[in-house]
Amino acid sequence: DGGITQSPKYLFRKEGQNVTLSCEQNLNHDAMYWYRQDPGQGLRLIYYSQIVNDFQKGDIAEGYSVSREKKESFPLTVTSAQKNPTAFYLCASSKVGAYGYTFGSGTRLTVV
Amino acid sequence: EDQVTQSPEALRLQEGESSSLNCSYTVSGLRGLFWYRQDPGKGPEFLFTLYSAGEEKEKERLKATLTKKESFLHITAPKPEDSATYLCAVQAGNSGYSTLTFGKGTMLLVSP
Numbered sequence: 001d002g003g004i005t006q007s008p009k010y011l012f013r014k015e016g017q018n019v020t021l022s023c024e025q026n027l028n029h030d031a032m033y034w035y036r037q038d039p040g041q042g043l044r045l046i047y048y049s050q051i052v053n054d055f056q057k058g059d060i061a062e063g064y065s066v067s068r069e070k071k072e073s074f075p076l077t078v079t080s081a082q083k084n085p086t087a088f089y090l091c092a093s094s095k096v097g098a099y100g101y102t103f104g105s106g107t108r109l110t111v112v
Numbered sequence: 113e114d115q116v117t118q119s120p121e122a123l124r125l126q127e128g129e130s131s132s133l134n135c136s137y138t139v140s141g142l143r144g145l146f147w148y149r150q151d152p153g154k155g156p157e158f159l160f161t162l163y164s165a166g167e168e169k170e171k172e173r174l175k176a177t178l179t180k181k182e183s184f185l186h187i188t189a190p191k192p193e194d195s196a197t198y199l200c201a202v203q204a205g206n207s208g209y210s211t212l213t214f215g216k217g218t219m220l221l222v223s224p
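In the order they appear, the protein sequences are chains B and G.
Residue numbers for the first sequence follow my numbering, beginning at 1 and rising by one.
Residue numbers for the second sequence follow my numbering, beginning at 113 and rising by one.
Errors might be hidden in some of the hints.
To be verified - Anything over 12 Å on all C-beta distances counts as not near chain B; from chain G, calculated: (1) N134; (2) K191; (3) L221.
As the list claims (entries may be wrong) - Pairs of lysine to any residue residues, derived as SDA-like cross-links and limited to a Cα-Cα distance of at most 20 Å, are as follows: (4) K95/B / F158/G; (5) K71/B / N26/B; (6) K180/G / S140/G; (7) K169/G / T102/B; (8) K181/G / S132/G; (9) K216/G / G100/B; (10) K216/G / Q37/B; (11) K154/G / P39/B; (12) K154/G / S105/B.
Derived by calculation from the structure, the hints in this document are not laboratory data.
Computed from a prediction, not measured in an experiment: that's the story for all the values here.
Beta carbons are placed, not taken as given, at the ideal position from N, Cα and C, and that holds for glycine.
Only chain B is shown next, with the shape it has when bound in the complex:
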């Protein structure tokens, strides 16, 4: 079955450490997205990509970086510059156009 796989499900980061969240899809979707979800804040867009080797900043891109070397993969790196990284991170993909997103099951990142 087609879908989006996020890993790991839980991730712990020490102060000053960079961590990378994985997102892989086999839906043949061109567009991929990263959202951050905090309690009471809804989903906020971090980065998105419409095509391989191209991506754009969302509303809260500071302290994050991405790459899109393959159509199927869109990893997110949370850098040490992100001062409040504890959150639930969601990856999604879609066809380009007015189509709903398919979401992964999320990664919960906690700073220790």
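Add chain G to chain B, keeping to what the hints say.
Just chain G, lined up with the frame of chain B:
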């Protein structure tokens, strides 16, 4: 700037007690309005897409409607398994490519 406001923030119903969730939006040319269901600790699950005022879509006990300023998600005779957070999102269509803007969600609890 696109805006989505969902109300109420939380809703508690008895099993079988029908009600509606509201999604008010401000967008430059609506391309699509989307409803999602999210269970705790999981990614959002796509429910409906609505494209134009007057459109309605149904799935089991859920019915989504759309006007020029808001959308309603009607829940008829809910069951405990309908308990979840329901998210509304809009996509603008006036200029080029645009991503989804999400509301903060309505947390629904259905008691037996």
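Next on the checklist: To test your reading of the hints: which numbers does this structure violate?
Outcome noted: none
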